[in-house]
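S.K.: Next come the chains, spelled out residue by residue.
Protein chains: 2
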Amino acid sequence: MRIESVDFFYLSMPEILDIGDGSQDALLVRVRAGGWTGWGECEAAPLPSIASFVCPMSHSACKPVSASVIGQRLDEISDIRRIGDLVRAESLDLLQADHTLSGIDMALWDLWGCREGTPVWNLLGYTRAFPKLPYASMLFGDTPEETFAKARGMAFRAAKFGWGPIGRGPVSDDAAQFRAAREGLGPDGVLLVDIGTAWGEDLERASMALPALNECGALWLEEPFVSGALGEYAALAARAGGVKLAAGEGSHNIYMARHLVDHAGIGFLQIDAGRIGGISVAKDAADYASARGVTYVNHTFTSHLALSASLATYAGFERDEICEYPVEPKSLALAITADHLRPGEDGLLRVPAGPGLGVRVDVEGLRPYLVDCEIRVGGRLLYRTPELAD
Amino acid sequence: MRIESVDFFYLSMPEILDIGDGSQDALLVRVRAGGWTGWGECEAAPLPSIASFVCPMSHSACKPVSASVIGQRLDEISDIRRIGDLVRAESLDLLQADHTLSGIDMALWDLWGCREGTPVWNLLGYTRAFPKLPYASMLFGDTPEETFAKARGMAFRAAKFGWGPIGRGPVSDDAAQFRAAREGLGPDGVLLVDIGTAWGEDLERASMALPALNECGALWLEEPFVSGALGEYAALAARAGGVKLAAGEGSHNIYMARHLVDHAGIGFLQIDAGRIGGISVAKDAADYASARGVTYVNHTFTSHLALSASLATYAGFERDEICEYPVEPKSLALAITADHLRPGEDGLLRVPAGPGLGVRVDVEGLRPYLVDCEIRVGGRLLYRTPELAD
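Protein chains in written order, with the numbering used here: chain A, 1 to 390; chain B, 1 to 390.
The hints are simulated quantities; they were obtained by calculation from the structure and are not laboratory data. Positions of the beta carbon are idealized from the N, C-alpha and C atoms, including for glycine. It is possible that some hints are incorrect.
[Unchecked claim] Residues of chain B clear of chain A, computed beta-carbon distances all greater than 10 Å:
| hint | residue |
| --- | --- |
| 1 | ASP18 |
| 2 | CYS55 |
| 3 | PRO56 |
| 4 | ALA61 |
| 5 | ASP93 |
| 6 | HIS99 |
| 7 | LEU123 |
| 8 | GLY164 |
| 9 | ARG258 |
| 10 | ASP390 |
[What the hints assert, rightly or not] Here are a few chain B residues that sit away from chain A, every Cβ distance over 10 Å (derived from the structure):
| hint | residue |
| --- | --- |
| 11 | ASP21 |
| 12 | THR127 |
| 13 | GLU364 |
| 14 | GLU374 |
| 15 | ARG376 |
[As the list claims (entries may be wrong)] Some chain A residues judged to face chain B by a derived CB distance under 7 Å, without partners named:
| hint | residue |
| --- | --- |
| 16 | GLY20 |
| 17 | HIS59 |
| 18 | CYS373 |
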């Protein structure tokens with residue numbers, strides 16, 4: 001069969017707030033081939049991603065993503081990776097292409113799984129999907145007291161606190177926040193801390209926080225630095241004692257993930273399948289990390305379609321148990337799918353066992369969030385929001 | 001003063017051919033502040049770059065580039081870097097942003113230089129601009145005989161041959177091509193070889209070409225591998241003998257450039273100021289390379305505005321003499337400026353000494369290449385090709 005159509009749907013909350021909540025809009029992708037339909041999601045700015053799919057060619061290594069996807073053969077499972085390689089080669093100089101490809105690759109795996117009647121994690125070679133321990137992401141409170149109250153009220157066995165005031169004042173303020181989170185969670189809760197790159201490349205500032213993090217038994221310290229600061233990561237890792245470094249959510253190709261594993265001394269590699277180039281590349285990153293003793297973790301902040309896709313990539317890794325779970329997404333993110341992944345009574349999350357990504361896209365539910373777009377170049381209509389249907 | 005407007009102009013040849021010629025279209029940027037105008041150029045896919053400037057916000061770290069530029073204060077030269085830092089922070093998750101910023105940063109330096117009556121290279125701290133030795137980029141011929149004839153007819157003292165059949169057949173074919181190029185150039189010509197990433201990550205295949213490259217006295221071997229394959233670069237560099245590795249044109253932030261210097265064993269760092277984030281980041285990359293004994297080279301394949309900008313970044317480096325010169329650009333690339341940089345009788349290229357980037361944009365000359373664009377989201381007009389004027 002051949003890829004007949006790839007359609008992008010820009011979805012948005014009525015109002016976008018200037019806060020660090022990535023679930024306020026979404027870019028959904030529908031791929032059709034041989035009578036089958038697959039769905040994926042780009043964790044990306046919608047308009048530039050759509051533009052990178054439909055733009056005119058600039059030269060032989062700067063083609064629109066569509067040029068390497070529409071009309072391509074899809075007769076074997078290996079065609080999905082072949083198409084991804086083609087996009088990377090023919091859109092080499094189109095920076096946004098990796099983000100755009102991510103949702104397409106996801107949809108291709110979903111489509112192929114639906115056709116085979118097999119879950120994507122099984123297509124990836126896993127014979128079993130192990131349950132994951134979801135952690136809830138939340139902001140630090142403005143005060144330690146607020147953080148304590150948030151942690152105390154938590155329904156999850158693992159929690160990540162980040163952003164807010166952390167890393168922006170004196171180190172004693174950070175220490176008070178870490179202690180409040182630990183006290184609220186209790187001694188058995190898994191505590192994760194996210195600095196959100198606030199320390200830039202400042203190794204000494206980051207080092208000052210290590211004693212309190214170790215005292216509180218934090219499992220990981222996430223993104224103390226911007227992701228390219230490999231040397232600073234490695235130096236901090238060498239000083240860090242029991243707390244491990246975590247990073248990788250910004251990786252938009254396999255090399256960025258590898259560099260973190262090879263040169264940054266991280267203990268946890270966090271990959272967003274909606275950014276790195278889809279399930280195919282996320283799986284490569286998982287294998288690379290696993291072979292080198294680095295624990296793989298999904299990065300997911302949006303819909304349960306994206307969640308299913310990111311869990312599939314490492315579903316068969318029994319020891320890599322922890323996973324990110326979007327705990328307070330906007331209504332849009334929940335409206336995208338009719339099925340939702342909820343932790344069981346044991347607190348663990350199961351990867352769907354149905355065909356493809358195992359969650360149904362809810363076309364009627366997401367319709368109210370659909371944003372009309374139109375792009376014209378040189379008098380030609382290159383994009384208009386397509387008709388929404390299963 | 002404040003940044004009052006940033007306007008993007010999508011320019012294109014009437015027909016875009018599926019060849020590796022990046023001068024077939026262009027994205028020009030005009031910035032206005034306090035009655036002054038500056039011009040820059042993104043070496044990037046025009047439509048996705050425009051979209052990344054005007055798109056709606058997705059969340060606090062995925063804002064349109066415009067949000068961090070329009071209305072910003074421009075009272076000191078350090079404001080240019082401050083604005084770049086702001087774009088990188090507030091558009092962190094917008095992949096295309098680095099390419100879009102590149103042209104804006106270039107225009108800001110041009111504007112500031114015009115206002116001060118000073119060339120950009122002087123604003124960057126150089127007291128003198130040393131002449132550069134331009135090399136001509138050309139494709140290998142389909143046969144060694146064709147390559148010999150091309151090299152023989154060359155008016156430049158240095159030439160880079162690349163792409164075409166190279167690296168795609170047996171190693172003996174490559175060796176015959178290298179020898180033909182050397183014979184055509186004569187013993188004194190500077191010979192550069194560009195593989196255009198054709199060997200992917202295949203270290204053994206690349207190693208097989210080393211004896212012939214050394215025999216022919218090639219100064220550098222460019223992009224044998226995809227740019228993320230740092231380990232393969234380092235291993236090849238250790239085996240390479242006299243020929244040095246060159247890479248870096250795809251770098252879209254300072255970290256990618258640093259990683260090549262730190263982990264890939266390259267001898268030449270090639271940076272495109274129209275991709276890495278503009279003149280500011282290109283200058284940082286030049287300083288980083290220089291401090292570590294790596295020679296800096298511009299990557300320029302488009303207009304003489306982009307050429308002036310990329311030369312300015314390392315104009316004061318006396319020992320880093322070689323520079324890329326777009327030898328056969330399309331008419332569009334030449335139409336962008338009224339002034340052109342031509343090698344002198346000594347074969348050397350001088351960086352312009354006039355204020356700013358020292359070349360005048362030819363508004364009437366480029367008008368025939370202007371492409372009309374229109375982007376609407378949710379019923380609102382976000383972009384329409386602005387009026388073209390000085």
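S.K.: Each hint needs a verdict: does it hold in this structure or not?
M.R.: Checked hints:
1. ASP18: 5 Å, violated
2. CYS55: 4 Å, violated
3. PRO56: 7 Å, violated
4. ALA61: Violated, because the least Cβ-Cβ distance between ALA61 of chain B and chain A comes to about 6 Å, which does not exceed 10 Å.
5. ASP93: It is violated; ASP93 of chain B is separated from chain A by about 7 Å at its closest Cβ, not greater than 10 Å.
6. HIS99: 5 Å, violated
7. LEU123: About 25 Å separates LEU123 of chain B from the closest Cβ of chain A, which puts it past 10 Å; holds.
8. GLY164: About 12 Å separates GLY164 of chain B from the closest Cβ of chain A, which puts it past 10 Å; holds.
9. ARG258: 7 Å, violated
10. ASP390: 24 Å, holds
11. ASP21: It is violated; ASP21 of chain B is separated from chain A by about 6 Å at its closest Cβ, not greater than 10 Å.
12. THR127: Since the minimum Cβ distance to chain A is about 29 Å, THR127 of chain B lies beyond 10 Å and the statement holds.
13. GLU364: Non-interface label on GLU364 of chain B holds, nearest chain A Cβ at 20 Å vs cutoff 10 Å.
14. GLU374: The claim breaks: GLU374 of chain B does not keep its Cβ more than 10 Å from every Cβ of chain A (closest is about 4 Å).
15. ARG376: Per Cβ check, ARG376 of chain B is inside 10 Å of chain A; nearest 4 Å; violated.
16. GLY20: 5 Å, holds
17. HIS59: Hint on HIS59 of chain A: holds, closest Cβ of chain B at ~5 Å, below 7 Å.
18. CYS373: At about 5 Å, which falls below the 7 Å cut-off, the nearest Cβ of chain B leaves the hint on CYS373 of chain A intact, so it holds.
In this structure, the earlier hints numbered 1, 2, 3, 4, 5, 6, 9, 11, 14 and 15 are contradicted, and the remaining ones agree with it.
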